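Chain by chain, the residues run as shown.
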Amino acid sequence: MTDIQAQPTRDTAAPPAPPAPPDERLTLFKVLGPLHIWGLGVGIVLVGEYMGWNFAVAKGGMFGALIALFVVGILYTCVAMIDSEVTSTVAAAGGQYTQAKHMIGPLMAFNVGLFLVLEYTMLEAADANVMSYLATTVSSHLGYTGSVNQYAFIVLAIMVLAFLNYRGVLATLSVNFVITGIAFVAIIVLFFGVGGLTSGSSLHFGGLASSADNGLPYGWLGAFAALQFGMWYYLGIEGTCQAAEECRSAARSIPLGTMTGIITLLIAAGLTWFVCAGLMPWQYLGVSITPLFDAALVSGTKILTVLLALGTILATLASANGCINDASRAWFSMGRDNYLPTWFGAIHPRYRTPFRSILFLIPLGISFAVLPVLLNKPELLSTVITFSILSALLMYSFMVPNMYRFRRLWPVGELHRGYTHPFHPLPALSLALIAALVMFATFLGYGTTLLTLVSFYLLASVWFVLFRYRYVRRGSQFTMPWPRPKGY
Amino acid sequence: MIVNILEWAAWIISAGLGGWMLLDAFRVGRTYDEEFLTTSVEGIDDLLEANESAGGAR
Numbered sequence: 001m002t003d004i005q006a007q008p009t010r011d012t013a014a015p016p017a018p019p020a021p022p023d024e025r026l027t028l029f030k031v032l033g034p035l036h037i038w039g040l041g042v043g044i045v046l047v048g049e050y051m052g053w054n055f056a057v058a059k060g061g062m063f064g065a066l067i068a069l070f071v072v073g074i075l076y077t078c079v080a081m082i083d084s085e086v087t088s089t090v091a092a093a094g095g096q097y098t099q100a101k102h103m104i105g106p107l108m109a110f111n112v113g114l115f116l117v118l119e120y121t122m123l124e125a126a127d128a129n130v131m132s133y134l135a136t137t138v139s140s141h142l143g144y145t146g147s148v149n150q151y152a153f154i155v156l157a158i159m160v161l162a163f164l165n166y167r168g169v170l171a172t173l174s175v176n177f178v179i180t181g182i183a184f185v186a187i188i189v190l191f192f193g194v195g196g197l198t199s200g201s202s203l204h205f206g207g208l209a210s211s212a213d214n215g216l217p218y219g220w221l222g223a224f225a226a227l228q229f230g231m232w233y234y235l236g237i238e239g240t241c242q243a244a245e246e247c248r249s250a251a252r253s254i255p256l257g258t259m260t261g262i263i264t265l266l267i268a269a270g271l272t273w274f275v276c277a278g279l280m281p282w283q284y285l286g287v288s289i290t291p292l293f294d295a296a297l298v299s300g301t302k303i304l305t306v307l308l309a310l311g312t313i314l315a316t317l318a319s320a321n322g323c324i325n326d327a328s329r330a331w332f333s334m335g336r337d338n339y340l341p342t343w344f345g346a347i348h349p350r351y352r353t354p355f356r357s358i359l360f361l362i363p364l365g366i367s368f369a370v371l372p373v374l375l376n377k378p379e380l381l382s383t384v385i386t387f388s389i390l391s392a393l394l395m396y397s398f399m400v401p402n403m404y405r406f407r408r409l410w411p412v413g414e415l416h417r418g419y420t421h422p423f424h425p426l427p428a429l430s431l432a433l434i435a436a437l438v439m440f441a442t443f444l445g446y447g448t449t450l451l452t453l454v455s456f457y458l459l460a461s462v463w464f465v466l467f468r469y470r471y472v473r474r475g476s477q478f479t480m481p482w483p484r485p486k487g488y
Numbered sequence: 001m002i003v004n005i006l007e008w009a010a011w012i013i014s015a016g017l018g019g020w021m022l023l024d025a026f027r028v029g030r031t032y033d034e035e036f037l038t039t040s041v042e043g044i045d046d047l048l049e050a051n052e053s054a055g056g057a058r
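Protein chains in written order, with my numbering: chain C, 1 to 488; chain U, 1 to 58.
Worth flagging that the hints you see were computed from the coordinates, not collected in a lab. Check the hints yourself; a few may be wrong.
To be verified - Here are the computed distance ranges between Cβ atoms for each label pair:
| id | chain 1 | residue 1 | chain 2 | residue 2 | range |
| --- | --- | --- | --- | --- | --- |
| 1 | C | Lys377 | U | Trp11 | 43 to 53 Å |
| 2 | U | Phe26 | C | Pro425 | 48 to 58 Å |
| 3 | C | Leu433 | U | Trp11 | 47 to 57 Å |
| 4 | C | Lys377 | U | Ala9 | 27 to 37 Å |
| 5 | C | Ile188 | U | Phe26 | 42 to 52 Å |
| 6 | C | Gly143 | U | Glu34 | 51 to 61 Å |
| 7 | C | Ser397 | U | Trp11 | 34 to 44 Å |
| 8 | U | Arg30 | C | Lys377 | 37 to 47 Å |
| 9 | C | Thr448 | U | Arg30 | 45 to 55 Å |
Stated by the list, open to error - Stretch by stretch, here's where chain U covers chain C in the computed footprint (C-beta under 8 Å, at least three residues):
| id | stretch |
| --- | --- |
| 10 | 160 to 171 |
| 11 | 336 to 348 |
In this text the structure is predicted, and so the values were computed from the model without any measurement. For every residue, glycine included, the Cβ atom is placed at its ideal position computed from N, Cα and C.
From just these sequences and the hints, can you work out the full model?
The structure is reproduced here in structure tokens:
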């Protein structure tokens, strides 16, 4: 069988080629390197530093948010280590879905695939909704007093990014790398701009430590509740795995991109907390929509204000862009393996993207993005975001048995890995413990949402077992040349 | 006034991009054999190829 990957048609002006002979195979372009993977992972997440993490301050005060930063940071470091090892051997789109397929079985894989699609589509919807909010804010700053049609900007944001994704992964993730880089540099510039390293700076921490009411206003229970919003610092870094099939070398690019990505996010989270804690009282910070932009406003420096406004918009765009990329890869992989109709497993013959999956998920993203506007309930945005967080947490729970099975079935030395994480099983155990803690903290705040989501996944599983499982070709879905698993 | 123009521009650009993608997807479906469009399999990586040449097979 000939793989026409070796002779891609890059000339977009060329007329469409005639139907190819049946012995040729379409593949996704293998064009990505570690920088693209970094741009994908950090791009999805960095918006959480610009907005969202500070709701942890409302729950647990400044120290509560700092504790969440450390505890959830450990959770995501474990996620990054585990994903780096497993995905360095699985050069396939679908990421954790593909891991589940290989390590556990079809029903688990189907659920993990749905977790991924919902996690990224809900995040994309929230990003688009926030972009429309930013458009309203910018217009009011420019002196416009009328109302802005938010639907127009929500739909525009999603359509432009979907178009970019449709036309090719290289341009999509190159754009993500550049705009994510600018947004990250903006945080560093803010840190130095407010005198983060100099004595006599505009940062003041005296009040924070003077009494428990300032640092931990609701005590340790508040710090526990803050864990849920601490997820915002890092949520989505595991999305790097979705690009494995499009890397020139997944074994090199995925571990490099993912590990440097989590290091970047730990730095960004630390700087963000430090600057905001030093500039704003916790009572204000806890309800701010755009905390980093507000910090720049408080600094009184015009160039910082413009830079952080730009950073906020770029971080939101990068996140939605990466989410469209990842959700479509997960949906595509499930279609390719017959977990969903095979129609979704098609690749565009010229752009080599999962074009039907990208198109299919557009209305879903738009629907959830406009819902808070349509029903005039802005608080629904937090429910949409919680859908994303809970789907991610369910997936992290799966990663624990997955890692155990991976090491047991293919011990180190029997399957070549691009990266082998140290101290196994400590990362898997830590992940299990912290994910359970965060899940419980989220349940306390959004119990109904959690039950709704679990019911949805249960119904979807019933549908899969009754109507779809018979189409899954259990043998032919494994095409990677792995050695036989130990004990089989 | 300018906001109104921007809103209309947003709708027009969105409709243009959406229409183009739908048309292109339809054209691809008509031009290419469905079996060909769905021929992809899980990726192959240099490490996996090395493993295969060392005798690995599932």
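Verification of the hints:
no., hint, result
1, Lys377/C to Trp11/U: 43 to 53 Å, "violated (24 Å)"
2, Phe26/U to Pro425/C: 48 to 58 Å, "holds (50 Å)"
3, Leu433/C to Trp11/U: 47 to 57 Å, "holds (49 Å)"
4, Lys377/C to Ala9/U: 27 to 37 Å, "holds (28 Å)"
5, Ile188/C to Phe26/U: 42 to 52 Å, "holds (46 Å)"
6, Gly143/C to Glu34/U: 51 to 61 Å, "holds (54 Å)"
7, Ser397/C to Trp11/U: 34 to 44 Å, "holds (42 Å)"
8, Arg30/U to Lys377/C: 37 to 47 Å, "holds (43 Å)"
9, Thr448/C to Arg30/U: 45 to 55 Å, "holds (46 Å)"
10, 160 to 171, "holds (count 4)"
11, 336 to 348, "holds (count 7)"
Hint 1 from the list above is the single one not met by this structure.
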